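> So the chains spell out like this:
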Amino acid sequence: MAEELQVGFVGNPNCGKTTLFNAYTGARLKVANWPGVTVEKKEGAMKYHDHVFKLVDLPGIYSLTSYTMEEKLTRQYILESDVDVIIDVADASALERNLYLTLQLIELGKPVILALNMMDIVEERGMEIDMHRLPEMLGIPVIPVSARKRTGLDILMHAVAHHKDKRKDNNLEHHHPEKEASRHRHEHHDEYTVVYSDEIEDKIDAIILRLRSDGKVKTKNYRWYALKLLEKDEEITAECGLDLSDIIDRSYETDIINQKYDFIEEIIEECLVNKNKKAAVTDRIDRWLTGNVTGLPCFLLIMAVVFFFTFTVGDWLKGYFEAALDQVNAAVSAGLEALGAGEVLQSLIVDGIISGVGGVLTFLPNIFILFLALALLEDSGYMSRVAYVMDSLMSKLGLSGRAFIPMILGFGCTVPAVMASRALEDPKDRRRTVLVTPFMSCSARLPVYVLFAEMFFGSAAMPAAFSMYVIGMAVAILAAFLMHKVDRSGGMNPLLIELPEYKTPNTRTIAIYVWDKVKDYLTKAGTTIFVASIFIWFLLNFGTEGMTQDMSASFGASIGRVLAPLLAPAGLGMWQIALALISGLAAKEVVVSSFAVLFGISNINSAAGMTGLAEILAGYGFGALNAYCLMIFCLLYVPCIATLAMIHRELKSWKWTGVSVLLQLGCAWLVSTLVFQIGSLF
Amino acid sequence: MAEIIIGGLIAGWAAYVVYRKVKQIRSGRYCSCCKDDCPGCKRK
Numbered sequence: 001m002a003e004e005l006q007v008g009f010v011g012n013p014n015c016g017k018t019t020l021f022n023a024y025t026g027a028r029l030k031v032a033n034w035p036g037v038t039v040e041k042k043e044g045a046m047k048y049h050d051h052v053f054k055l056v057d058l059p060g061i062y063s064l065t066s067y068t069m070e071e072k073l074t075r076q077y078i079l080e081s082d083v084d085v086i087i088d089v090a091d092a093s094a095l096e097r098n099l100y101l102t103l104q105l106i107e108l109g110k111p112v113i114l115a116l117n118m119m120d121i122v123e124e125r126g127m128e129i130d131m132h133r134l135p136e137m138l139g140i141p142v143i144p145v146s147a148r149k150r151t152g153l154d155i156l157m158h159a160v161a162h163h164k165d166k167r168k169d170n171n172l173e174h175h176h177p178e179k180e181a182s183r184h185r186h187e188h189h190d191e192y193t194v195v196y197s198d199e200i201e202d203k204i205d206a207i208i209l210r211l212r213s214d215g216k217v218k219t220k221n222y223r224w225y226a227l228k229l230l231e232k233d234e235e236i237t238a239e240c241g242l243d244l245s246d247i248i249d250r251s252y253e254t255d256i257i258n259q260k261y262d263f264i265e266e267i268i269e270e271c272l273v274n275k276n277k278k279a280a281v282t283d284r285i286d287r288w289l290t291g292n293v294t295g296l297p298c299f300l301l302i303m304a305v306v307f308f309f310t311f312t313v314g315d316w317l318k319g320y321f322e323a324a325l326d327q328v329n330a331a332v333s334a335g336l337e338a339l340g341a342g343e344v345l346q347s348l349i350v351d352g353i354i355s356g357v358g359g360v361l362t363f364l365p366n367i368f369i370l371f372l373a374l375a376l377l378e379d380s381g382y383m384s385r386v387a388y389v390m391d392s393l394m395s396k397l398g399l400s401g402r403a404f405i406p407m408i409l410g411f412g413c414t415v416p417a418v419m420a421s422r423a424l425e426d427p428k429d430r431r432r433t434v435l436v437t438p439f440m441s442c443s444a445r446l447p448v449y450v451l452f453a454e455m456f457f458g459s460a461a462m463p464a465a466f467s468m469y470v471i472g473m474a475v476a477i478l479a480a481f482l483m484h485k486v487d488r489s490g491g492m493n494p495l496l497i498e499l500p501e502y503k504t505p506n507t508r509t510i511a512i513y514v515w516d517k518v519k520d521y522l523t524k525a526g527t528t529i530f531v532a533s534i535f536i537w538f539l540l541n542f543g544t545e546g547m548t549q550d551m552s553a554s555f556g557a558s559i560g561r562v563l564a565p566l567l568a569p570a571g572l573g574m575w576q577i578a579l580a581l582i583s584g585l586a587a588k589e590v591v592v593s594s595f596a597v598l599f600g601i602s603n604i605n606s607a608a609g610m611t612g613l614a615e616i617l618a619g620y621g622f623g624a625l626n627a628y629c630l631m632i633f634c635l636l637y638v639p640c641i642a643t644l645a646m647i648h649r650e651l652k653s654w655k656w657t658g659v660s661v662l663l664q665l666g667c668a669w670l671v672s673t674l675v676f677q678i679g680s681l682f
Numbered sequence: 683m684a685e686i687i688i689g690g691l692i693a694g695w696a697a698y699v700v701y702r703k704v705k706q707i708r709s710g711r712y713c714s715c716c717k718d719d720c721p722g723c724k725r726k
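Residue numbers (the working numbering), protein chains in the order written: chain A, 1 to 682; chain B, 683 to 726.
Quick caveat, the hints were computed from the structure, so don't treat them as lab data. Errors might be hidden in some of the hints.
[As the list claims (entries may be wrong)] Mimicking BS3-like on lysine-lysine, the simulated pairs with C-alpha atoms at most 25 Å apart in a straight line are:
1) 47(A) x 220(A)
2) 485(A) x 220(A)
3) 216(A) x 232(A)
4) 503(A) x 149(A)
5) 54(A) x 149(A)
6) 519(A) x 703(B)
7) 703(B) x 652(A)
8) 705(B) x 218(A)
9) 218(A) x 110(A)
10) 54(A) x 72(A)
11) 220(A) x 164(A)
12) 705(B) x 54(A)
13) 519(A) x 318(A)
14) 260(A) x 232(A)
15) 428(A) x 655(A)
16) 232(A) x 72(A)
17) 703(B) x 503(A)
18) 705(B) x 655(A)
[Claimed, not checked] Part of the chain A face toward chain B, derived, beta carbon under 8 Å:
19) 339
20) 341
21) 345
22) 551
23) 552
Since this is a predicted model, take the numbers as computed values, not measurements. Heads up, the beta-carbon is just placed ideally off N, CA and C, and yes, glycines get one too.
Pulled out of the complex, with its shape left as it was, chain A reads as follows (with noise of 0.2 Å):
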C-alpha cells in the first residue's frame, strides 16, 4: 500500500512557492509576482513512486512569530498538524533574508528540506551558491529548483522522500553530560544549527531544566519552547503558566534575531560566492518606477499604454469576431425558418440570445488583451510597485497602504479583491477597504467602456475609458479618506512589502492567467449573460396585455419609468437606462447586452451596430455628455451581485452590506449629477 506523507510548502512571500506548488499537482492557483497571494493554505496530492503526497501550499512569512493571521496559520500547521516533511522553499536571490525563516523553521524540531528557488536568477546576476557548504552549515538537505523552468523537481521530492526518516522526536533535545546549567560548556555546534551567546544558552537550559522538573509543558521540542518563552512570545507564555521571572528578566527576542542574523552573515559569508556582483538593473529601473516624483505619474503612463493596446489590438482583433457573430446570426436566422420555428422563438433567439451575447463575446479581444497586460505587469514584478508607489500617496492622507493591494486586485475582479482585504489586521480598516475596493474598475465594466466610448468620442475613445480608471482610483482614496476624517479610530497598517527583483515574464503562468480569465468570460457569458438577456427579452416583449410589439408598454418599460426621473439630474432620464443598469446588477457586461437587447441591435460592437445604436439613441437626446455620464454611473454604481454576496460574506452583517450599496448608489449619482450639471453649461 502505497505510504501518505504529508508535506508542507513554507516560504517567504514571493519566493515562488505556488509555483512550485502547481508544478506537483497540476493545480492552477493563482500566482502572482507579488507578495501575500495565497491566504490561505491549500492543498493537493500527488504520487511519487510508492509515496502519495499530500502537499499543503502555505502563505508566506517572513518568520513564524505570531503577530500576523499568515504566520499564525503557518505555525500552528506546522505545530498541530501531522506535518512530516516541511519544504522550505527560498528565493535563492535574496538567501540572506530568507534564511531567517529556515533556521526559525529547524529549531521547530520537524523534518526540513531547503529548496533554493529562482537559481536561474542567481546565475543571471553571476552569482553562485556553494552547494556543499551551504547544508553543511545548516544540517538539512539543500535542492537547488527552478519552479518556473520545472527543473529540479524530482530530486525534491527524492530529498522529501528520504529525509521524512530523519524524523526524531527529540531532534532538537540537548544533551550534556552534567546536566547542570552552570557547568555548561555550550560547545553544541554538532547538536544545533544556531548556537546563541552564553547568556542566551545558559537561560536556555535553565528554563528546559525548570519545565522538566515541572512536568506540566507537554512538548517534545523543549529548545524551542524555551527560546520562545525567553522571546516573550504571548502564546508560548499563556501556555507555559509558569513563573519563571527569576530566569527571564527581559525580552531576549532583540538578541535571539540578532544572533540569528549574525550566523546568517557567516552563511553568506562563506556560501555566497561574487555578491557584490549583483546586477543593479532593479534599482536603476527603481528609481524612475518607485521615485517619489515619478512613481505616480509612471503608473499612470503605464497604465494609458495598457489601454493604448487593450484598444488598437483588441479593435484590430474584434473585426473577425464580428464578421463571425454576423455569419451566426445570418445562419441561425435561415436555420430557424427552415425549421419553421414560430416568430417568439425567433425573436428570443435572434433579438435576445444572439444579441446580447453574441454582443459580449465580441468584446472577448479587448479583456484578452487587458489581462494579458496586467499579467505581464504582475509577473514582471511592476505591480507590487504599484502598492508601494500608492503607499506614500495612501498615508499622507492619514491611510493604510496595505489598503491598496486590494484595490489592485480589484482591476481584474472586485470578488478576489474584497477577500483580499482580510489582510489588514484592524477590522475597521479592512471594512474601509471593502467598503472602496469596489470602486476599483474591474474589467467586467470595460465592454460598456469601449462601447459608449468607442460611439461617442471617436479619437478621444482612449482617454475617455482610460479616465473611469483614474476616476475610480481617485473615489476610492477619497472616500476611504472621507471615512477615516469620520472616524479616526482603526489602527494603522504600515505597508510593509517585498519589492521583487524585475524578471521576464514567465510564458506559463502568463499563460494560466489569462486563459482562466478568458474562459470565464466565456462561462459567464454562456451562463448568467445568457440567462440575463433571455430576462431582459422577457420584459421587453411582454408587457400585461401579453407579447406586444410595443417595447414601451413591456413590463421593462414601466419598471424603468419609476427609476428613471432619479437618475434624470445624471442626464440618464431614459427608461431604457435604468433597465439595463438594473440588469447591470447580474454582471457589468449585461449592461451592453441590455443595450443590445433594447435597441434591437444584432452586432453592437460592429461599425454598423454602433452607427445604428449611436443614432437611435441621439433621438432620445442622448450625446456625448450623457454617454460619459452612463459611464461614470457604470463605474461607480453597486457591484455585480457576486461581489455583495463577497461582501457580506467578509463584513459579516447585513447592515454594511447595506451601507456599501448606498454608499456605491450615492456616489455613483452624485459624481455622474457633478459631470453632467457642470458638463451642461458650456
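Here the structure of chain A is known, so what remains is to put chain B in place on it, guided by the hints.
Only chain B this time, still in chain A's reference frame:
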C-alpha cells in the same frame, strides 16, 4: 416539434444556470470568475 425541442433546451439550460447559481451562493461559492482565490472553490 423542432420549436418545442429548441425552446425546451433553452429553458432547460436557463433553469440549470439559475439552479447552479443559487446553489453556488448558498454553499458559499460566490463566483465563477475567481475559482482559485475563492475559499469555496479551492481545489483539493
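> Indicate, hint by hint, whether the structure satisfies it.
Here's how the hints hold up against the structure:
1. 47(A) x 220(A): Judged against 25 Å, a Cα distance of about 30 Å means the pair is violated.
2. 485(A) x 220(A): 51 Å, violated
3. 216(A) x 232(A): Answer holds: residue 216(A) to residue 232(A) is near 19 Å, not above 25 Å.
4. 503(A) x 149(A): With Cα atoms ~13 Å apart, residue 503(A) and residue 149(A) stay inside 25 Å; holds.
5. 54(A) x 149(A): 23 Å, holds
6. 519(A) x 703(B): Holds, at about 17 Å.
7. 703(B) x 652(A): This hinted pair holds, its Cα atoms lying about 21 Å apart.
8. 705(B) x 218(A): 45 Å, violated
9. 218(A) x 110(A): 16 Å, holds
10. 54(A) x 72(A): Holds, at about 21 Å.
11. 220(A) x 164(A): Cα-Cα ~17 Å, so holds.
12. 705(B) x 54(A): Violated. Residue 705(B) to residue 54(A) sits at ~29 Å, over the 25 Å cutoff.
13. 519(A) x 318(A): Holds, at roughly 17 Å.
14. 260(A) x 232(A): At roughly 17 Å apart (the allowed maximum being 25 Å), residue 232(A) and residue 260(A) satisfy the hint.
15. 428(A) x 655(A): 14 Å, holds
16. 232(A) x 72(A): 16 Å, holds
17. 703(B) x 503(A): 40 Å, violated
18. 705(B) x 655(A): Measuring from Cα to Cα gives roughly 24 Å; hence the hint holds.
19. 339: 4 Å, holds
20. 341: 5 Å, holds
21. 345: Hint holds; residue 345(A) Cβ to chain B Cβ min 5 Å, cut 8 Å.
22. 551: Nearest chain B Cβ about 21 Å off; hint violated.
23. 552: Residue 552(A) check fails; min Cβ-Cβ to chain B is 26 Å, beyond 8 Å.
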